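Construct the entire structure; sequences and hints are all you get.
Residue numbers (full-length UniProt numbering), protein chains in the order written: chain A, 1 to 564; chain B, 1 to 564; chain C, 1 to 564.
Just so you know, these hints were derived from the structure itself, not from any lab. This one's a predicted model, so the numbers in the text were calculated from it and none came from an experiment. Mixed in with the good hints there might be a few duds.
As the list claims (entries may be wrong) - Simulated crosslink set (DSBU-like; lysine-lysine; CA at most 30 Å straight-line):
| no. | chain 1 | residue 1 | chain 2 | residue 2 |
| --- | --- | --- | --- | --- |
| 1 | C | Lys410 | A | Lys284 |
| 2 | C | Lys198 | C | Lys466 |
| 3 | B | Lys284 | B | Lys336 |
| 4 | B | Lys410 | C | Lys540 |
To be verified - Using C-beta positions, here's what the derived DEER-type ranges look like:
| no. | chain 1 | residue 1 | chain 2 | residue 2 | range |
| --- | --- | --- | --- | --- | --- |
| 5 | B | Trp463 | C | His183 | 25 to 31 Å |
| 6 | C | Val503 | A | Phe186 | 36 to 42 Å |
| 7 | C | Ser313 | B | Arg493 | 37 to 43 Å |
Beta carbons: idealized from backbone N, C-alpha and C, even for Gly.
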Amino acid sequence: MENRDSELTIPIPARDSDQIPVLFEQAAALAGFDEEVEKKREETLPTVPTIPYSVSNSMPSSPSGLRYALHQLQGHVYNSERKSCLSNVMTSHVEKKVVTVGKFHHSQPLETKINIFPDQSQRHARLDRRFDSLKTWSGKLERQLSNLRGSFPEEQTEDSSLTSSMDDSTSGDEENARPIPVHRYFDALEGPELDTLKPSEISGLPEDLEWPFLLRFPISSFGICLGVGSQAMLWKTLSTSEPMAFLRISPIVNLVLWIIALVLTTLVFTTYGLKCIFYYEAVKREYYHPVRVNFFFAPWIACLFLALGMPPSIVEILHPCVWYIFMSPILCLELKIYGQWMSGGQRRLSKVANPSNHLSIVGNFVGALLGASMGLKEGPIFFFAIGLAHYIVLFVTLYQRLPTNESLPKELHPVFFLFVAAPSVACTAWAKICGDFDYGSRIAYFIAIFLYFSLVVRVNFFWGFKFSLAWWAYTFPMTGASIATIAYAAEVRNPLTQALSVVLSGVSTITVTSLLVTTVLYAFVFKKLFPNDDLIGVMKHKKNANIQFVKRVMPMVTTRTTKK
Amino acid sequence: MENRDSELTIPIPARDSDQIPVLFEQAAALAGFDEEVEKKREETLPTVPTIPYSVSNSMPSSPSGLRYALHQLQGHVYNSERKSCLSNVMTSHVEKKVVTVGKFHHSQPLETKINIFPDQSQRHARLDRRFDSLKTWSGKLERQLSNLRGSFPEEQTEDSSLTSSMDDSTSGDEENARPIPVHRYFDALEGPELDTLKPSEISGLPEDLEWPFLLRFPISSFGICLGVGSQAMLWKTLSTSEPMAFLRISPIVNLVLWIIALVLTTLVFTTYGLKCIFYYEAVKREYYHPVRVNFFFAPWIACLFLALGMPPSIVEILHPCVWYIFMSPILCLELKIYGQWMSGGQRRLSKVANPSNHLSIVGNFVGALLGASMGLKEGPIFFFAIGLAHYIVLFVTLYQRLPTNESLPKELHPVFFLFVAAPSVACTAWAKICGDFDYGSRIAYFIAIFLYFSLVVRVNFFWGFKFSLAWWAYTFPMTGASIATIAYAAEVRNPLTQALSVVLSGVSTITVTSLLVTTVLYAFVFKKLFPNDDLIGVMKHKKNANIQFVKRVMPMVTTRTTKK
Amino acid sequence: MENRDSELTIPIPARDSDQIPVLFEQAAALAGFDEEVEKKREETLPTVPTIPYSVSNSMPSSPSGLRYALHQLQGHVYNSERKSCLSNVMTSHVEKKVVTVGKFHHSQPLETKINIFPDQSQRHARLDRRFDSLKTWSGKLERQLSNLRGSFPEEQTEDSSLTSSMDDSTSGDEENARPIPVHRYFDALEGPELDTLKPSEISGLPEDLEWPFLLRFPISSFGICLGVGSQAMLWKTLSTSEPMAFLRISPIVNLVLWIIALVLTTLVFTTYGLKCIFYYEAVKREYYHPVRVNFFFAPWIACLFLALGMPPSIVEILHPCVWYIFMSPILCLELKIYGQWMSGGQRRLSKVANPSNHLSIVGNFVGALLGASMGLKEGPIFFFAIGLAHYIVLFVTLYQRLPTNESLPKELHPVFFLFVAAPSVACTAWAKICGDFDYGSRIAYFIAIFLYFSLVVRVNFFWGFKFSLAWWAYTFPMTGASIATIAYAAEVRNPLTQALSVVLSGVSTITVTSLLVTTVLYAFVFKKLFPNDDLIGVMKHKKNANIQFVKRVMPMVTTRTTKK
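Encoded structure:
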């Protein structure tokens with residue numbers, strides 16, 4: 001136990017503690033508080049002469065978290081003035097606490113007493129570097145630089161402690177280069193999409209301020225493109241499909257929706273492109289996340305949707321080359337992801353199975369549909385076959401709900417609507433490949449419809465979940481089911497199928513609309529459409545013992561100092 | 001440990017103990033016996049001043065079980081006079097014990113001494129209410145009444161203790177309304193069909209007398225209808241199928257069997273209908289049982305069999321409306337059951353997978369077969385598709401034998417013959433849908449035949465199991481395989497296939513006949529065709545500590561008192 | 001703890017210890033060493049009057065292992081003279097140690113002191129019997145004989161201890177007849193093919209000398225026949241397939257390869273046949289091994305390959321009867337193996353799933369292919385259907401990588417290439433059955449190709465594994481994929497498919513060639529093509545405690561004695 005404590009890498013920026021010993025001495029003198037704590041520690045660590053140091057070690061980044069709350073964020077979009085005012089007001093108040101706490105855990109002698117209150121600019125420069133570890137080149141480059149400046153050991157310690165709180169890379173670049181092991185995501189996060197930090201965990205990034213916008217912009221934002229793009233497809237189908245002719249839908253709706261989808265997709269692509277450029281490490285963290293990785297299929301599926309929903313007035317038939325361009329990243333991702341499922345390790349299917357895996361399957365069917373629409377033959381069957389094989393595996397695995405599926409939501413959640421996606425798109429894809437709506441298409445269609453109803457009758461399970469951008473991705477299966485129903489109605493034309501088509505299309509449009517309203521509300525009223533993306537703050541090693549200590553001691557210290 | 005004891009809800013009907021303190025005082029004075037026990041308790045519960053009460057608490061319903069043995073059952077069908085005589089004879093003898101035991105665990109003062117030997121009629125009325133908790137309206141209604149009678153606290157305590165021994169509903173109606181959690185079934189029951197109480201468990205209903213007939217009439221009785229109904233189908237096929245013409249089977253056989261099946265089905269339907277009316281709570285307990293719930297498909301499959309086996313001399317072609325009537329409950333049940341598999345919770349597939357789940361799949365194929373025979377097109381494919389998707393899931397899950405499948409028999413058991421059901425019915429259904437015995441039908445047929453042989457070569461594993469009514473449900477897969485073989489023989493006509501048809505039909509008929517003989521033997525000779533249905537006696541919380549105590553102390557007390 | 005020790009069956013041949021008490025007494029007198037050990041033992045076994053015996057018991061076969069190292073093997077092929085010289089040289093040196101150790105653990109009185117150094121011939125006769133337990137009739141027969149000689153109790157003990165070290169059959173014939181429980185294989189072995197003894201385990205056979213050739217000749221040797229036979233098929237296809245005509249492959253290549261394959265197959269069949277005759281017990285041990293058992297399909301698949309690759313110049317069309325002969329053992333094995341998967345017990349699929357299970361599936365498709373090539377119809381579909389059903393189960397199970405799959409390699413390994421086998425053969429088989437390369441064949445083909453590429457991009461995972469004969473079995477999937485590609489190229493003829501055919505054929509031929517070179521190197525240069533086959537040496541019960549003891553004490557004893 002004693003040894004563990006000192007083995008833990010030290011997340012606290014030691015420099016803070018260097019700064020303010022005086023105040024602490026006063027606080028400590030107040031009520032013999034520290035003796036008490038010290039004693040407790042001695043009971044558990046009886047033979048260690050390095051106690052003071054060990055205590056100092058076990059003080060984690062939480063004080064730093066507090067500290068960062070003092071400073072205005074220099075993010076790209078951060079402009080909520082109300083907040084920044086508030087934080088300014090809070091500064092002087094919280095500053096004291098931090099100062100006190102910092103000292104309390106630092107028993108180094110007083111030589112470092114100089115520079116207790118460094119000027120703000122200097123601190124800003126430092127603090128800003130808190131997000132550096134996620135920046136594209138900074139991680140390695142800056143560390144190397146600081147290593148070159150090796151003559152300033154203090155500086156270097158500081159530097160490494162800064163980055164280590166994020167990466168725990170005290171052992172150098174190689175350690176840093178290694179991705180976070182997947183079990184850390186499972187350990188540190190919770191929630192149906194595995195994107196909420198557990199209360200027992202601390203983030204590598206400051207939890208109490210808003211991060212730079214790009215860091216808060218997740219890959220799941222492409223869900224919006226999926227939602228709107230599939231609506232464009234739906235309204236194209238509604239306006240062109242013969243059994244829906246009685247609705248007299250104007251092709252303008254398709255055109256408008258398609259342009260909106262195009263604009264949105266471009267926007268999201270650009271923004272995420274910027275994230276790739278500026279915060280490549282953060283993108284990597286999303287990529288290593290066992291659930292989030294599936295959303296890396298979303299951009300390409302969104303492109304496929306755009307191609308499929310393209311208004312006939314713009315282009316009648318696309319060049320096959322478009323298909324090859326869009327399908328190559330999907331194929332590469334599949335080789336990677338399916339390979340991980342099969343090849344063991346921590347990302348094997350029996351561990352990571354989650355309805356969002358359907359996103360990695362459905363691309364095959366959407367691709368097959370587009371390819372078949374373009375008149376290709378073998379390529380679509382190729383993707384259809386891959387999709388079918390892996391869909392069976394995934395369907396069985398998800399239906400079984402193995403107890404080892406750590407990332408599978410305990411209860412129903414909107415993400416389960418992805419269950420409907422694969423069979424409904426497979427149905428239309430197969431119908432296109434074969435040229436008619438045969439038994440295969442019918443079987444896929446009926447499976448989709450049954451799953452749809454099976455979820456709809458449980459719709460009351462779906463309330464009460466925290467809204468997230470990822471929900472957009474869960475609307476396109478509904479739209480897919482509507483499109484499949486229209487295709488089915490074209491084959492089996494009777495009032496029932498036509499009514500079903502209208503109802504499902506209506507439901508899907510209403511869902512998308514209400515999601516749009518919610519999104520707008522979150523974006524402009526609540527201003528929390530892009531909350532901090534906890535999963536990129538997960539640290540490589542748990543700092544658990546520390547938290548316990550902080551949580552126990554912090555309030556006591558704080559109360560005392562503020563009183564005084 | 002001390003607290004646990006007192007937290008346990010009190011299953012013992014306190015009123016009994018109220019009745020007979022005198023006798024007990026004599027018994028207790030006999031040998032200072034109770035001091036001994038008390039001492040033992042004090043050793044384990046050193047600091048508890050509430051010991052007497054705690055002791056009283058931990059005395060469970062077992063004495064009540066004994067007590068009930070004294071009284072004649074007022075069940076609906078209970079008329080075995082031999083038994084009732086016996087129980088009368090036993091009354092005076094056992095009465096004493098109960099009386100003693102009751103007192104021993106009750107340390108309330110002696111105010112309640114009145115009414116030691118209440119007149120029989122009064123007691124009867126009370127005792128009968130032991131099964132009340134399972135009656136349709138009694139549970140809530142009576143409790144509400146007794147609450148109104150609140151001025152008689154004693155009466156109320158009595159009432160709640162009565163029902164609580166069954167439902168543990170001390171916290172009121174809401175607690176009572178909640179179904180038994182599924183893990184209790186897994187914990188408390190054992191056996192391949194999960195219907196035998198573990199030795200360590202005690203039943204909420206008296207274990208040592210025969211319950212009312214309706215309570216002992218399980219939903220698996222519909223298995224008989226499945227068995228006989230499918231025989232009617234088989235002989236219809238034998239008499240009408242062209243490749244079997246050489247056997248010259250008279251259509252009379254079909255007619256006779258069909259009438260028998262019709263009568264049986266009506267009978268079972270009526271009886272179970274009565275159970276639903278009078279013991280709705282017991283039906284709910286069957287419904288919540290993870291294995292038994294699958295038998296809720298049996299009534300509707302039996303109806304489908306009746307429709308399929310209907311002699312051509314009666315009706316040539318049924319009205320499609322019949323199909324819709326029979327398929328709607330199946331669809332509703334499927335939405336419920338498959339949804340439970342998928343949606344997590346305690347009833348997820350990786351926990352409840354059991355060959356009897358095939359019953360919930362096979363309905364789809366039987367329905368598809370009937371629908372296709374009637375000339376319907378889309379409906380049958382709909383059910384075929386649902387069946388196929390879930391059959392793949394179930395087939396893989398059962399074949400894998402996940403260690404989490406708590407209800408899967410450890411070794412082979414007749415229930416495994418259900419493996420043959422789905423593919424063989426699917427084969428004939430698909431042949432009817434397509435209009436010819438194509439590759440799909442052949443594949444399903446060969447899978448069925450392989451599974452059949454795979455079980456037949458292991459037939460020696462199937463001996464030595466306790467007969468149960470559920471076995472009837474395991475005969476229809478054999479019949480289904482015979483029918484599929486006849487259909488195959490019509491397609492591939494040669495002596496081999498014809499011989500196989502005859503052999504399989506023979507085996508199926510012989511099995512049904514021998515099961516019939518066994519059933520008759522059990523019904524009229526052994527008179528234990530309907531044993532107590534343990535699973536409806538499962539209690540919401542385990543009363544384990546109590547049992548230990550009872551098992552240890554009871555014999556001592558009993559011996560002492562009877563000696564005296 | 002004490003009891004366990006004495007319950008353990010006695011693996012040590014007691015006679016050795018009988019032989020050399022004198023030397024030991026000297027050694028023991030040296031430093032009071034044994035008292036020390038004795039004392040230690042007494043601490044753990046305080047109340048056992050049978051200590052001396054128990055101590056003697058707990059000395060396992062390791063000393064015997066040492067002892068066997070002294071003697072020349074009387075195996076069938078053992079002729080490496082260098083080694084035998086070495087062992088002669090070592091004899092006198094090691095002899096002493098053995099002698100000492102043997103005595104040290106034997107505290108029986110000195111009556112058995114006679115015959116300390118028995119003449120070599122006598123000892124040889126005895127030692128040779130070390131492998132007797134694996135011989136076909138010896139086990140039972142000899143024991144019965146020795147039982148008849150019951151008047152010599154000493155002799156009998158000796159005899160049973162001899163065999164018990166292998167079989168632990170102290171309780172008689174029945175115990176001996178029971179196969180080794182499968183969990184022992186999982187416990188005692190490791191590695192992707194579960195064929196390396198764990199360091200903590202000791203073998204029932206001498207680990208430090210080369211066993212008789214037949215014992216070292218595993219069933220996986222048939223992999224060579226699969227590899228070469230499939231090459232014959234490939235070159236037949238290359239020379240006869242129309243889209244490959246531009247290569248102008250001579251049919252001579254096919255003929256030559258086929259003759260080589262025929263010769264190899266005959267050779268391997270003969271050798272393994274001899275093993276069946278002489279070491280039937282060893283064959284049984286291979287058969288009970290959860291991974292190795294799948295290789296029992298290999299001989300029959302090799303025969304099917306021979307039939308498929310038969311040069312057209314020899315026979316144009318085989319008699320169907322050949323098909324029935326080759327398929328019957330496959331069907332029987334499948335009834336056995338698939339039944340084990342389903343019927344629970346220790347060999348259920350969720351435990352034994354391993355890519356080598358594909359061998360038990362692929363036989364169905366190869367059989368279907370051969371049958372369809374011969375013009376049969378129903379038989380091929382029968383096997384295709386069985387194959388399909390079980391392939392789905394296996395594919396899902398392997399892809400899921402359940403944590404219960406104890407024999408599944410942690411990481412990628414050449415055995416994963418078996419994943420490609422089933423779909424690629426299924427593709428050609430289905431094309432043959434249907435008569436054209438339809439959607440079904442295409443789907444199977446594309447699945448195979450995707451899996452192939454999915455493995456190829458991970459090819460760097462496959463380096464660094466210890467070569468084993470089983471690798472040959474992992475080449476035929478590549479060949480199968482090439483053949484399927486050629487069939488596909490015949491359907492979709494364009495430069496791309498033709499190029500792919502050439503590339504895949506080239507890769508497969510190169511792989512086989514390099515494997516051939518490796519095999520030759522191992523056979524004639526390293527002379528370790530057939531290392532000791534650890535898995536047949538697994539003992540029924542672990543001798544773990546003993547090893548600890550031996551490993552701790554042995555060096556001490558040895559040092560002392562040799563010093564002296």
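Straight-line alpha-carbon gap Lys284 (chain B) to Lys336 (chain B), limit 30 Å: It holds: about 14 Å lies between the C-alpha atoms, which stays within 30 Å.
Assessment of proposed distance window 36 to 42 Å (beta carbons of Val503 (chain C), Phe186 (chain A)): 41 Å, holds
Restraint check for Lys198 (chain C) with Lys466 (chain C), where alpha carbons must lie at most 30 Å apart: 16 Å, holds
Pair hint Lys410 (chain C) and Lys284 (chain A), alpha-carbon separation not exceeding 30 Å: 25 Å, holds
Supplied distance hint 37 to 43 Å, evaluated on CB atoms of Ser313 (chain C) and Arg493 (chain B): 38 Å, holds
Range hint 25 to 31 Å (beta carbons of Trp463 (chain B) and His183 (chain C)) holds or violated: For His183 (chain C) against Trp463 (chain B), whose Cβ atoms are near 26 Å apart, the range 25 to 31 Å holds.
Restraint check for Lys410 (chain B) with Lys540 (chain C), where alpha carbons must lie at most 30 Å apart: 23 Å, holds
Violated hints: none; the structure is consistent with every hint.
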